[in-house]
Amino acid sequence: MPSDYVIESESLTKRYRPHIMAVDGLSMQARRGEVYGFVGPNGAGKTTALRMFLGLVRPTSGSCTVLGEKPGSPHALARIGALVETPAFYPYLSGRNNLRVLARHAGVPYARIEPILEEVELSGRGDDRFKTYSLGMKQRLGMAAALLKDPELLILDEPTNGLDPAGMAEMRHLIRNLGRGNRTVLLSSHLMGELEQICDRIGVVKDGKIVAEGTLDELRHGTRIKLRAKPVEQARELLAALDGVGKVETRDGDTLLIEADPTLAAYLNTLLVTAGVEVSELTSVQNSLESVFLSLTGEARLHE
Amino acid sequence: MNSLIAELLLLRKRAATWILLGSWTAIALLFSYVFPYLAYTSDTNFHGRSIVLYMLLPQSLISTIHSTFPFFGGTMVLILAILSVGSEYNWGTLTTVLVQRDGRLKFFLAKIAALAIALIPFVLAVFALGFLASSIIALREDQAIALPPILDLLRALGVGWLLLAAWASFGVLLAVLSRGTALAIGLGIIYGLVLESIISSFGRRIDLLDQISKGLLRTNGYSLISSLGGSLPEEAGPGGFSGTMVSGTQALIVLGVYILIFISVSAVVVKRRDVTGPS
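Protein sequence lines correspond, in order, to chains A and B.
Residues are numbered in the numbering used here as their position in the first sequence, beginning at 1, plus a constant of 7.
Residue 200 in the numbering used here sits at position 215 of the second sequence, and the numbers go up by one each step.
Source of the hints: derived by calculation from the structure; they are not laboratory data.
Just so we're clear, the structure is a prediction, and the values are computed from it rather than from any experiment.
Treat the hints with caution; some may be incorrect.
To be verified - Chain B regions said to be covered by chain A (calculated; three or more residues, Cβ under 8 Å): (1) -10 to 0; (2) 81 to 89.
As the list claims (entries may be wrong) - Restricting the straight-line Cα-Cα distance to at most 25 Å, the calculated cross-link-like pairs of lysine-lysine (DSS-like) are: (3) B:K(-2) / A:K145; (4) A:K77 / B:K256; (5) A:K254 / A:K233; (6) B:K91 / A:K77.
Stated by the list, open to error - If you want the ones that stay clear, here's a sample from chain A, every Cβ over 12 Å from chain B, calculated: (7) E41; (8) A118; (9) S130; (10) G133; (11) G174; (12) E240; (13) G251; (14) R258; (15) G283.
Note that the Cβ used here is the ideal one computed from N, Cα and C, for glycine as well.
Please build the complete structure, drawing on both the sequences and the hints.
Written out as structure tokens, the structure reads:
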């Protein structure tokens, strides 16, 4: 019986020379049929991890299976489509001939090429040399190459890089469609909006480790309460002393952001009004993936 | 087989392949026929003039054309091999190809097989154009047009291919070790055009260098063609050779072993080493 997990890694580690730890004990599972987002700051180890899943880079320690096989085994690669980092093709060949070369290596019939060029809207430029392509066109050719094998698993590293807003929206739509059914998509990106719109589950990578993993709702766990009050300092002191209320932050002068269950809102309102605090706004605020990411990766200070 | 077809398509569509083939045949013709014939026609009194003419006629095709293989031919296919293998690293296409279906070894062997096939036109083209040039000279000088015996010709083609294959496999190794083209071409040309000549020339006075020179690619190349009755370039001319010769059999074995070692080491490195370093 096939495993539910398409990718399973356990304590996967990659060290380059003694002092460069690219991936540090990464353990994760991507389930069959889901779109799994890999998010992390630049240099977090996402691309190295993807390269290990594809057998391009050998782990220093730890274990990993992809589609039940050792990474890089021909049997697994035949079922994987991948776009890793910037799309790399032969610059002197046309887009169509580049796909022919890859089709030969992949054992895929040439008949697959035309529909795929149509799908990524490159059939009109298919005979032009790759080196004349814009970055967006190169990205779309990379996507075409990844889809050539009609893969069970699609590994995409920053697939919207270089695309204009319309192109990004199209790419997101394409990836969402590709992730339907039994196909698994492993998507690496640092664009939170992109991941929020596409992914079923997300793994947050920092310093080569998964620091959080779950569905969007699980990651954005809990909501906060936004309160506008006068005098704001009195409100802050009253709230900070209460059980069931976590951190209270002051924002924009008379606004407080309170870590608390939204069902407490009515109670808080009564308490503040009784104490003589004027409450002009009380709303629940859901954490964005971006704020979760920034707090998990410790980069919030850069954005404040 | 599919991968081999893909690799042949890459070589066929690449302008550099045709530029190197054109350059090689042009240089081979210039130094083997055009310049010697100009010298022959412009100076009617120099010693050994009749030997020069004999070397320019079709019956001397093998020895005349062969003499260009270890120097010019070797350098050209060294560059061809480096471009073919090293560009995969430069352009990052190795990553794209290795996530298709084939294992690393299968991909590498397909590339080597394609290179081996691509060397065939490099051999045939200079022989064909050499025959054309020598026939024109024969007609101008009222000499008979006679090809060498067919078996000798086939053996000469095989030897020509072997000489080029040894240099190409050296290029493959340099490209794999340096993960690119620039450094590999630089080192390859310095080795092929400069280092071997210096070692061979000092070998006449220093015994150790003489022994070392007997193991060099060019020494063995010249020794092999010399064992087939081929001529050597003049010491002072381009590709001039002044080293000690080895026997034809020894040269054949040494060149074969070189090819085996260069390709085997390259294959092991391709198979075992990470495709990329830290990003």
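Hints violated by the structure (numbers, ascending): none
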